[in-house]
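Asker: In order, the protein sequence lines correspond to chains L and B.
Under my numbering, the very last position in the first sequence is 68; numbers go up by exactly one each time.
Under my numbering, the very last position in the second sequence is 131; numbers go up by exactly one each time.
Just to be clear, a hint being listed does not mean it is correct.
A partial selection of chain B residues facing chain L, derived with a Cβ cut-off under 10 Å [unchecked claim]:
{"id": "1", "residue": "I2"}
{"id": "2", "residue": "Q6"}
{"id": "3", "residue": "S7"}
{"id": "4", "residue": "Y9"}
{"id": "5", "residue": "Y37"}
{"id": "6", "residue": "N43"}
{"id": "7", "residue": "S47"}
{"id": "8", "residue": "P55"}
{"id": "9", "residue": "P86"}
{"id": "10", "residue": "V110"}
Keep in mind the hints are simulated off the structure, nothing from the lab.
All C-beta atoms, glycine included, are put in the ideal place defined by N, C-alpha and C.
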Amino acid sequence: MKLTINGDAKEIKDNVSLPELLIIENVEQPDMVSVQLNDEFIRQDEHASVALKDGDEINFLYFMGGGA
Amino acid sequence: MIKIPQSVYDEIVAHALKDTPIEACGYLAGIEGEVKYAIPMKNTDASNEHFSFDPQEQFDAFKKTQKEGLRLISVYHSHPETPARPSEEDIRLAFDPNVSYIIVSLAGEVPDMKSFIIKNKTVEKEEIEII
């Protein structure tokens with residue numbers, strides 16, 4: 001299926017889950033990214049239950065913070 | 001190497017000075033290692049020792065730059081009272097391998113800006129070229 005991931009159109013195998021997609025995208029710590037699916041935030045505890053479909057737009061951004 | 005226009009450099013320093021003693025933070029939008037403009041972000045921690053971005057504001061910045069054909073190529077934050085080097089917390093929380101991490105220190109007589117690449121908790125200094 002065709003997905004748009006962080007602005008890039010990509011061909012991804014069918015029936016991939018959101019956690020699987022984050023692994024494919026080399027996200028080493030999925031709990032440290034915020035995910036939007038078609039402009040809607042997906043809570044961390046919902047990741048596993050999200051079914052991705054052809055044409056979906058997924059954006060993920062890493063938590064950004066630090067100290068001094 | 002990251003290339004930063006003088007005007008953007010000045011804007012980052014001005015942001016740091018304006019927000020001190022709170023840490024200032026933001027993204028730098030650009031392409032192929034050259035910064036085009038700064039995107040000041042709210043420090044949701046409102047602290048002189050920590051900063052965090054707001055996720056919704058992050059996505060707003062991301063989508064704006066995407067529409068312009070740009071990327072979020074760097075993250076900057078200030079150290080109001082400590083040197084321009086990544087703290088242990090900076091390194092621990094540097095999850096994004098795709099950005100440069102710029103730190104502006106206000107600890108000395110004049111602001112000091114340095115850039116770092118942080119991957120797998122390993123810090124590498126990155127040269128800044130002012131253009």
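Asker: Confirm or reject each hint.
Answerer: Structure-based check of all given hints:
1. A least Cβ separation of about 17 Å between I2 of chain B and chain L goes past the 10 Å threshold, and the interface hint is therefore violated.
2. Among the interface hints, the one on Q6 of chain B is violated; its C-beta lies about 25 Å from the nearest C-beta in chain L, farther than the 10 Å criterion.
3. About 24 Å separates the beta-carbon of S7 of chain B from the nearest beta-carbon of chain L, more than 10 Å, and the hint is not met.
4. Given hint, Y9 of chain B at the interface with chain L, is violated; its Cβ is 20 Å from that chain's nearest Cβ, farther than 10 Å.
5. Nearest Cβ of chain L to the Cβ of Y37 of chain B: about 18 Å, over the 10 Å cut. The hint is violated.
6. For the restraint placing N43 of chain B at the interface with chain L, the shortest Cβ-Cβ distance is roughly 9 Å, inside the 10 Å limit, so the hint holds.
7. Using the Cβ-Cβ criterion of 10 Å, the hint placing S47 of chain B at the interface with chain L is satisfied: the shortest such distance is roughly 8 Å.
8. With a cut of 10 Å, the hint placing P55 of chain B at the interface with chain L holds, because the nearest CB-to-CB distance is about 4 Å.
9. Given the 10 Å rule on beta carbons, the hint for P86 of chain B holds: about 8 Å separates it from the nearest Cβ of chain L.
10. A least Cβ separation of about 18 Å between V110 of chain B and chain L goes past the 10 Å threshold, and the interface hint is therefore violated.
Of the numbered hints given earlier, the model fails hints 1, 2, 3, 4, 5 and 10; all others are met.
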